[in-house]
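*Asks:* Following the hints, put chain U in place on chain W, whose structure we already have.
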Amino acid sequence: MSGEAMAFEQFDATDLVMREVLRDVLGLSQDRVAAFTPETGLFGHLPELDSMAVAGRLTEVEDRLGIVIEDDEVDGEMLETYGALLSFARAKLGED
Amino acid sequence: MISAWPSPDGGEEYALALVEGRPHRLLVLPALFDEANKLRHFTVETMRALDAAGIDAVLPDLPGCNESLAPLETQTLASWRAATADAAAHFEATHVLSIRGGALCEPTGIPALRYAPATGSAILRGMLRARVLASKEAGLAEDREQLLEHGRRNGLELAGYRLGAALVGELETAEPSGGAALVNIGQGDIGGAGLWLRAEPDHSPEQAEALAAAVAKALA
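Sequence order for the protein chains is W and U. Its first residue numbered 1, the first sequence is counted upward by one per residue in my numbering. Its first residue numbered 97, the second sequence is counted upward by one per residue in my numbering.
Bound-form chain W, shown alone:
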């Protein structure tokens, strides 16, 4: 447990919330999301996702981060890697 807590301590607020949302929407363990790097593949690499699944998860990201994701902003690039998704969120929050 302490190992997990230490891993999460290194992340700033936005990064932390994003990892927690992905943990919940992807059903992954704390350890796995703590190990995400900017290159970690996300939605482009998960074959079971359809528009309904992606939509539900994006809505959760919106609500947890307090951002609005417009439909025309949703494309393969923004969803492809952890780094791309996090950059997108940071830009929305004015952190870039």
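Hints listed in this document are in silico derivations from the structure and should not be mistaken for laboratory results. Where hints are given, some of them may not hold.
Derived pair list, reagent style EDC-like, types lysine to aspartate or glutamate, alpha-carbon separation capped at 16 Å [stated by the list, open to error]: (1) U/232 - W/15; (2) U/232 - W/75; (3) U/313 - U/147; (4) W/92 - W/71; (5) U/232 - W/96; (6) U/232 - W/63; (7) W/92 - W/73; (8) U/232 - W/9.
Source: prediction; values computed, not measured.
*Replies:* For chain U alone, coordinates are given in the frame of chain W:
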């Protein structure tokens, strides 16, 4: 066991009733639309765990949902609230346990326990987004605002669910309707990822046990 209860439009609706005349009887209000399917197994298993803990539970079909023969497109949150009030009276419920968007259909005057309550806005937003994404994949550009405009006037089909115009309008601003909750049980209290976020209906025995335990604790 399968039970029936009289709904406000004069018909009868189905309910799953695990009732043995015990002191606590929960009217369980199911999640709405696509989440209803995803969470049904979990909801029923939670009721079985509650049954094992000595707590009665009844899961009614909302008119227009599940086995109901009533048309979905004529339903509104107001009509569902009237229906849940009738179901609560019929089954002599002492409490309400609402699951996700079921919170938007709570009757007033009965203590409510809420599991992961969802606002109408979030539910609607998710379904609209799914429609726009699916249309984009099919090569058709739809605009969320235009869909909403159309929906407010004529109703809208989202995720296969035909929502009437009034329901679309209500969902835009809907909040849990049963007043201040006796207790809010968040997904964090249950552990794991909410099953409504999965792509397909799925189940977690651990989550059902955890929710039943949280409910039993709140009722103790």
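*Asks:* Each hint should be assessed against the structure and marked as holding or not.
*Replies:* Comparing the hints with the structure gives:
For the hint linking residue 232 of chain U to residue 15 of chain W, the alpha-carbon distance of about 29 Å lies beyond 16 Å, and the restraint is violated. Between the alpha carbons of residue 232 of chain U and residue 75 of chain W the distance comes to roughly 10 Å, so the proposed pair stays at or under 16 Å and holds. Annotation: proposed proximity of residue 313 of chain U to residue 147 of chain U holds, straight-line Cα distance about 14 Å (limit 16 Å). At roughly 14 Å between alpha-carbon atoms, residue 92 of chain W and residue 71 of chain W fall within 16 Å of each other, so this suggested pair holds.
A distance of roughly 29 Å separates the Cα atoms of residue 232 of chain U and residue 96 of chain W; the hinted pair therefore is violated under the 16 Å criterion. Among the hinted pairs, residue 232 of chain U with residue 63 of chain W is inconsistent with the structure: their alpha-carbon atoms are about 23 Å apart, more than 16 Å. As the CA atoms of residue 92 of chain W and residue 73 of chain W are separated by approximately 11 Å, the hinted pair is consistent with the 16 Å bound. About 39 Å separates the Cα atoms of residue 232 of chain U and residue 9 of chain W, which puts this hinted pair outside 16 Å; it is violated.
In the structure shown, a violation is registered for the earlier hints numbered 1, 5, 6, 8, in ascending order.
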